[in-house]
Amino acid sequence: MQPETDEEENSKQHPLVFFDLETTGLGQDCEIIQLAAVNGGHSLNLYIIPRCRIQRGAARVTGFKVRGQRLYLHGQLVFTNSLKEVVVSFLTFLQMLGRPLLIGHNSRSFDCPLLARALDELDLRAEFQASVSGCVDTLPLARELLRDRRLQSFRQENLVRELLGINYKAHDALEDVRTLQTLYGFLQPTQDVVCRHKFTLDTMESKPAVPSSKS
DNA sequence: TGCCAGGCCCTCTTTAGGGCCTT
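Everything in the first sequence is counted per the UniProt record's numbering, starting at 1 for the first residue and increasing by one.
Don't take every hint at face value.
[Said to hold, decoys possible] Taking lysine to any residue pairs in the SDA-like style, the calculated list, with each CA pair at most 25 Å apart, reads:
#	residue 1	residue 2
1	Lys84	Arg70
2	Lys198	Leu139
3	Lys65	Leu44
4	Lys169	Tyr184
5	Lys84	Glu175
6	Lys198	Thr80
7	Lys169	Gln13
8	Lys84	Ser43
9	Lys84	Ser109
10	Lys65	Asn81
11	Lys84	Ser153
12	Lys198	Asn167
13	Lys169	Gly41
14	Lys84	Gln69
15	Lys169	Arg143
16	Lys169	Thr80
17	Lys169	Gln191
18	Lys198	Leu146
19	Lys84	Leu97
20	Lys198	Arg99
21	Lys169	His74
22	Lys84	Gly27
[What the hints assert, rightly or not] What follows is a list of derived Cβ distance ranges for each label pair:
#	residue 1	residue 2	range
23	Phe79	Leu151	36 to 42 Å
24	Arg161	Pro140	17 to 23 Å
25	Lys65	Ser89	21 to 27 Å
What the hints contain is simulated information worked out from the structure, not anything from laboratory work. C-beta: ideal position from N, C-alpha, C; glycine also.
Work the whole structure out from these sequences, hints included.
Structure, rendered in structure tokens:
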């Protein structure tokens, strides 16, 4: 069987998986606390106890706290898995859908490098690459599609409010991916636009986690 | 108490600087 050309690959309508991470902060040493993904009515929502301290700003916006090796979300104890269990579950979710396109907001700069680091730590990057057809970042996509609307902000929360008229619980990964799916449906990018914004983790540098002296 | 990062994009630009966006 001949491998597909880029043109053949790009013309395909792949299933869409929307994903989001909540983390301990914004720096390169931050760790994943929550991973959520959605495809239509199917969803995945898993939590991890981070090894490093949750930065104050991250705790404030996400509502996560670690107390006595337990993770709390807005004061409620949540069930957690190991990083490996979460990443393997995510891979299984992607594989079940048959090489979907992975979509996230500002994912090129934030979520995907973090995901790449987790995959490298578990030696699963190659398996991930074979499980998706590519990644798309809805931040530059929205900027291109909504160029004429003169929006003040392209933050996901703002786009959802301005375009869908919905105020939602931002900074909960599952809520974020559900609203991103709806937002993407509203934007209705053409296949051409999607291809222009498509990228892979191939060239994405995986920055090693720096042991935190703060924890 | 306040700050802590980094990639992308735009412009008052391109050899830079600053704002946006993610937690």
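Here's how the hints hold up against the structure:
1. A C-alpha spacing of about 18 Å is found between Lys84 and Arg70, which places the hinted pair at or below 25 Å, so the restraint holds.
2. Pair hint Lys198 plus Leu139 holds up; C-alpha atoms about 12 Å apart against a cutoff of 25 Å.
3. For the hint pairing Lys65 with Leu44, the CA-to-CA distance comes to about 21 Å; that is within 25 Å, so the pair holds.
4. For the proposed pair Lys169 and Tyr184, the alpha carbon gap of about 18 Å is at most 25 Å, so the pair holds.
5. For the given pair, Lys84 sits about 23 Å from Glu175 by alpha-carbon distance, which is consistent with the 25 Å threshold.
6. Among the hinted pairs, Lys198 with Thr80 is inconsistent with the structure: their alpha-carbon atoms are about 32 Å apart, more than 25 Å.
7. About 30 Å separates the Cα atoms of Lys169 and Gln13, which puts this hinted pair outside 25 Å; it is violated.
8. Proximity of Lys84 to Ser43 is assessed by CA-CA distance (about 18 Å); at most 25 Å being required, the pair is judged to hold.
9. Only pairs whose Cα atoms come within 25 Å are accepted, and Lys84 paired with Ser109 is accepted, the gap being roughly 23 Å.
10. With a CA separation close to 16 Å, the supplied pair Lys65 and Asn81 stays within the 25 Å bound.
11. Taking the CA atoms of Lys84 and Ser153, the gap is near 36 Å; set against the 25 Å cutoff, the hint is violated.
12. The hinted pair formed by Lys198 and Asn167 fails the criterion: a straight-line CA distance of about 29 Å is larger than 25 Å.
13. As the CA atoms of Lys169 and Gly41 are separated by approximately 19 Å, the hinted pair is consistent with the 25 Å bound.
14. The hinted pair formed by Lys84 and Gln69 meets the criterion: a straight-line CA distance of about 17 Å does not exceed 25 Å.
15. About 23 Å separates the Cα atoms of Lys169 and Arg143, which keeps this hinted pair within 25 Å; it holds.
16. For the given pair, Lys169 sits about 21 Å from Thr80 by alpha-carbon distance, which is consistent with the 25 Å threshold.
17. Restraint check for Lys169 and Gln191: the C-alpha separation of about 30 Å exceeds 25 Å, so the hint is violated.
18. For the suggested pair Lys198 and Leu146, the alpha carbons sit about 18 Å apart, so the restraint of at most 25 Å is met.
19. A hinted pair counts as satisfied when its Cα atoms are at most 25 Å apart, and Lys84 with Leu97 qualifies at roughly 20 Å.
20. The hinted pair formed by Lys198 and Arg99 meets the criterion: a straight-line CA distance of about 14 Å does not exceed 25 Å.
21. Restraint check: the Cα-Cα separation between Lys169 and His74 comes to about 12 Å, which is no more than 25 Å; the hinted pair holds.
22. For the hint pairing Lys84 with Gly27, the CA-to-CA distance comes to about 21 Å; that is within 25 Å, so the pair holds.
23. Between Phe79 and Leu151 the C-beta distance comes to about 38 Å, which sits within the given range of 36 to 42 Å.
24. The given range of 17 to 23 Å is respected by Arg161 and Pro140, whose C-beta atoms sit roughly 20 Å from each other.
25. Our hint of 21 to 27 Å for Lys65 and Ser89 holds, since their Cβ atoms are close to 24 Å apart.
Checked against the numbered hints above, the structure breaks hints 6, 7, 11, 12 and 17 and satisfies the rest.
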